[in-house]
Amino acid sequence: MGDNPKKIVPRMKDYEDDGPWIWVAFVPGCRLILDFVIGPRKQYVADKLVELVNKHLSDKIPVFVTDGLNFYREALLKQFGVLKEFPRTGKRGRPKKPKIVPSDDLRYAQVVKTRKNGVLEKVDKKIIFGKDIEQSEISTTLLERQNLTFRQDNNRVSRKTIGFSKAKEWLENQMKLYCTHFNFCRWHGGLRYKDERGLSAKIHLQEKQELLSQNGI
Amino acid sequence: MGERIPSNLLNILQPSLLRVWQLLFLDILNESIKIDGQFVFDWCYILEIIYRTIMGKRGPKTQFANVACPNKECELYGLTGQDNVAGNGTYVSRGKKTRRYICHHCGKAFCDHTGTFYHDLRKDERTIDLALKMSMKGMSIEAIADVLEIESASVKRWLARAAEQCDKVNDNLMKNVEVPKIEMDELWVIIQKK
Numbered sequence: 001m002g003d004n005p006k007k008i009v010p011r012m013k014d015y016e017d018d019g020p021w022i023w024v025a026f027v028p029g030c031r032l033i034l035d036f037v038i039g040p041r042k043q044y045v046a047d048k049l050v051e052l053v054n055k056h057l058s059d060k061i062p063v064f065v066t067d068g069l070n071f072y073r074e075a076l077l078k079q080f081g082v083l084k085e086f087p088r089t090g091k092r093g094r095p096k097k098p099k100i101v102p103s104d105d106l107r108y109a110q111v112v113k114t115r116k117n118g119v120l121e122k123v124d125k126k127i128i129f130g131k132d133i134e135q136s137e138i139s140t141t142l143l144e145r146q147n148l149t150f151r152q153d154n155n156r157v158s159r160k161t162i163g164f165s166k167a168k169e170w171l172e173n174q175m176k177l178y179c180t181h182f183n184f185c186r187w188h189g190g191l192r193y194k195d196e197r198g199l200s201a202k203i204h205l206q207e208k209q210e211l212l213s214q215n216g217i
Numbered sequence: 218m219g220e221r222i223p224s225n226l227l228n229i230l231q232p233s234l235l236r237v238w239q240l241l242f243l244d245i246l247n248e249s250i251k252i253d254g255q256f257v258f259d260w261c262y263i264l265e266i267i268y269r270t271i272m273g274k275r276g277p278k279t280q281f282a283n284v285a286c287p288n289k290e291c292e293l294y295g296l297t298g299q300d301n302v303a304g305n306g307t308y309v310s311r312g313k314k315t316r317r318y319i320c321h322h323c324g325k326a327f328c329d330h331t332g333t334f335y336h337d338l339r340k341d342e343r344t345i346d347l348a349l350k351m352s353m354k355g356m357s358i359e360a361i362a363d364v365l366e367i368e369s370a371s372v373k374r375w376l377a378r379a380a381e382q383c384d385k386v387n388d389n390l391m392k393n394v395e396v397p398k399i400e401m402d403e404l405w406v407i408i409q410k411k
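Here the protein sequences line up with chains A and B, keeping their order. Under our numbering, the first sequence has 123 at position 123, and the numbering climbs by one with no breaks. Count along the second sequence from 1, then add 217; that gives the number in our numbering.
Keep in mind that the hints were calculated from the coordinates and are not lab data. Think of the CB as a built atom: it goes at the ideal place given N, C-alpha and C, for glycine as much as any other residue. Where hints are given, some of them may not hold.
Taking CB as the label site, the calculated pair distances span [what the hints assert, rightly or not]: (1) B:339 - A:153: 29 to 39 Å; (2) A:123 - B:374: 43 to 53 Å; (3) B:367 - A:127: 47 to 57 Å; (4) B:289 - A:86: 43 to 53 Å; (5) A:162 - B:296: 24 to 34 Å; (6) A:162 - B:315: 25 to 35 Å; (7) B:331 - A:132: 45 to 55 Å; (8) B:381 - A:39: 19 to 29 Å; (9) B:311 - A:59: 43 to 53 Å; (10) A:119 - B:367: 46 to 56 Å; (11) A:112 - B:289: 44 to 54 Å; (12) A:119 - B:374: 42 to 52 Å.
Take a look, some chain A residues computed to stay more than 12 Å from chain B by CB distance [unchecked claim]: (13) 20; (14) 40; (15) 131.
Only chain B is shown next, with the shape it has when bound in the complex (with noise of 0.2 Å):
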């Protein structure tokens, strides 16, 4: 029994064979396969096209073509499918297993959580984030402490990191704002005084 080709194969196929057509018509621009003066169908040239179009570049490939570079003095900082990010292993972080990247271009490693607001925090992701969800209810950083069994100064840094990326966002977020109107007004709040 011979294996059944997928229906969907001639539109896989088809941008392909477009490119190879565009390929041999820019070739045949350039004169490089007319012989003197007379087309010659090289039908071993035409299948080298056709194979390095589907399949690319010779030599190993890079799988990671979404992933950016996050060094910002990098010169492919924040760039994606530039071929420069390469896998470097994984390493298990909060029980899970986490992808390490290596950049060719500057020489810098790094991690999925790497520039995130988790980056080298060991707490499970659930707690920290029950953690912030009942200090924007308004609940104190000793109970929250006391309710999630962990240190106060624990939720006190990932407070302060977690405005930190707050600032980051707003000013990602709300730039250029185009509004009809603006309400300012004053809340009276008490801090405690000494």
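The shape of chain A in the complex, shown without the other chains (with noise of 0.2 Å):
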């Protein structure tokens, strides 16, 4: 048994990769929940989030700021960007294809961190699209630590817990449940002191009793 070499434990960047990835869309200044979709790490879920987020918003486009993952620029530019078509030059060869470019009103924001052995060595904010977005703006630091609220409060989306979902149906029929009572019912005390909720959908200490009476009509 001694003989035995030790076992490698895998590094979390390769393990994490395989399994299964909430993705969250947040507005940090109300703190409210606008979707999520559970999914792999592909370019097709990024794709269906922003396309979720989208049927909730108005005309307006919010500035966007992510982690360093580069499926949501894809995703931003597929739902938001414009076909641009190159004229005829008249000259011999091949005609340019048509691109996709961002519209004028998208701003999208990137943190990217860098990491040396699992050490935090660099923070960059990079701007992809747009202009006019302050560096303090760009910053995921408020869903992030939402995310460690969902794993506090949630037995299923812990880490390092044998009480995680069997199924992905279930999961997602809690986190449902969970998210609408966060928006909707549930008092928030980093709210407490602001005047401008900024979003009069934002209704605290609703009875949850009310909402789910509530007709859909």
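Taking the hints as your guide, dock the two standalone chains into a single complex.
So this is what it looks like as structure tokens:
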């Protein structure tokens, strides 16, 4: 038994990528979870999340801030991009193919973290689309804190637990109930001193019973 | 001893009297009570107008002016005060008396619970609420069933129904949201693999 070589524990980076992820869109100003999708780290899931977010939004496009994952860039381009066609030059050769370019009011920035041996080395704030984004605005801190709240409140999404879900369907149902309660029924200490909630739909302390009895009319 | 006249009687009558004056004024304009070019004040006519304004139309009155028809195919769907909804008896549901209604426009009968989360559920509301609260706090379905002494299939059914209702609420309340900034991120979770 003692002769066996020491088992190498895989780095978190390696084993995390295999499993499913919850993709969350969050409004930090009023602690509103706009939508979430459960799926692997693939392009189609990012597309679905951005599409769902767009359904909730009005004509005005907000600033999008994400981590360094480039799937969001493609997804935002697909949703808010404009197809640009290039005129024929009249010269010889193959004509230029039409290209999707970001629309003028699309603003998107990334927070890119560089790690060395698991230790944070550098934080870069990159503006990908648009202008007039303040450096202080480029941050995902509040969403990272929100992720911790998910993990603390909910045994199904905790780390190092054996209370995980057995089927995706039930995790999704439970998360929907949790998020709706979080958005419309739960009191948030962080919003106590703010007069401007930023969103009229955010009804605090609304009775859950009232919420569930809504006809959806 | 005569009955005391309530002090707020005038306040109650005032809107009605105003309406009477409006009606009279309209009638004068329409020359309906003008005979041979002269105004004739027919007191019976005036009293009838007063009676109708205060009591409304003749015939049975509908009590449920604030109830709307929940049938989406009905022309009066979601509209209140259309005089189409009438009482259709009561029945006992989960130990409580529940009112049934009928829409005279489409002929469909419904009750207070129709279209809500609690429609057609037999468990009392308190137990269902407790089950959902426990689920929100992260308890497993089996654990909830164990604590509340119910079947786990019931908890599953309620949870699925609650999720469906949450979708409706989200679609309804989160429309045309105007916000300055949206953050997006991923959260790693475990789901059992087979």
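Structure-based check of each hint:
Range check, residue 339 of chain B to residue 153 of chain A: about 30 Å between beta-carbon atoms, so the 29 to 39 Å window is met. Checking the proposed 43 to 53 Å range against residue 123 of chain A and residue 374 of chain B shows it holds: the Cβ atoms sit about 47 Å from each other. Restraint check, residue 367 of chain B to residue 127 of chain A: a C-beta distance of roughly 54 Å satisfies the suggested window 47 to 57 Å. Evaluation of the 43 to 53 Å hint for residue 289 of chain B and residue 86 of chain A yields a pass: the beta carbon distance comes to about 49 Å.
Taken as a hint, the range 24 to 34 Å is violated for the pair residue 162 of chain A and residue 296 of chain B, whose Cβ atoms sit roughly 53 Å apart. Between residue 162 of chain A and residue 315 of chain B the C-beta distance comes to about 44 Å, which lies outside the given range of 25 to 35 Å. Separation of residue 331 of chain B from residue 132 of chain A is about 51 Å and conforms to the stated range, judged on CB atoms against 45 to 55 Å. Checking the proposed 19 to 29 Å range against residue 381 of chain B and residue 39 of chain A shows it holds: the Cβ atoms sit about 20 Å from each other.
Range check, residue 311 of chain B to residue 59 of chain A: Cβ separation about 46 Å, and the 43 to 53 Å hint holds. Here the CB-CB span from residue 119 of chain A to residue 367 of chain B is close to 50 Å, well matched to the stated 46 to 56 Å. Range check, residue 112 of chain A to residue 289 of chain B: Cβ separation about 49 Å, and the 44 to 54 Å hint holds. A hinted range of 42 to 52 Å for the beta carbons of residue 119 of chain A and residue 374 of chain B is consistent with their spacing of about 48 Å.
Taking the minimum C-beta to C-beta distance to chain B, about 5 Å, the non-interface status of residue 20 of chain A is violated against the 12 Å cut. Non-interface status of residue 40 of chain A relative to chain B is broken: a Cβ of that chain comes within 12 Å, the nearest being about 10 Å off. Under the 12 Å C-beta cut-off, the non-interface status given to residue 131 of chain A relative to chain B holds; the minimum distance is some 15 Å.
Going through the hint list in order, the structure does not satisfy hints 5, 6, 13 and 14.
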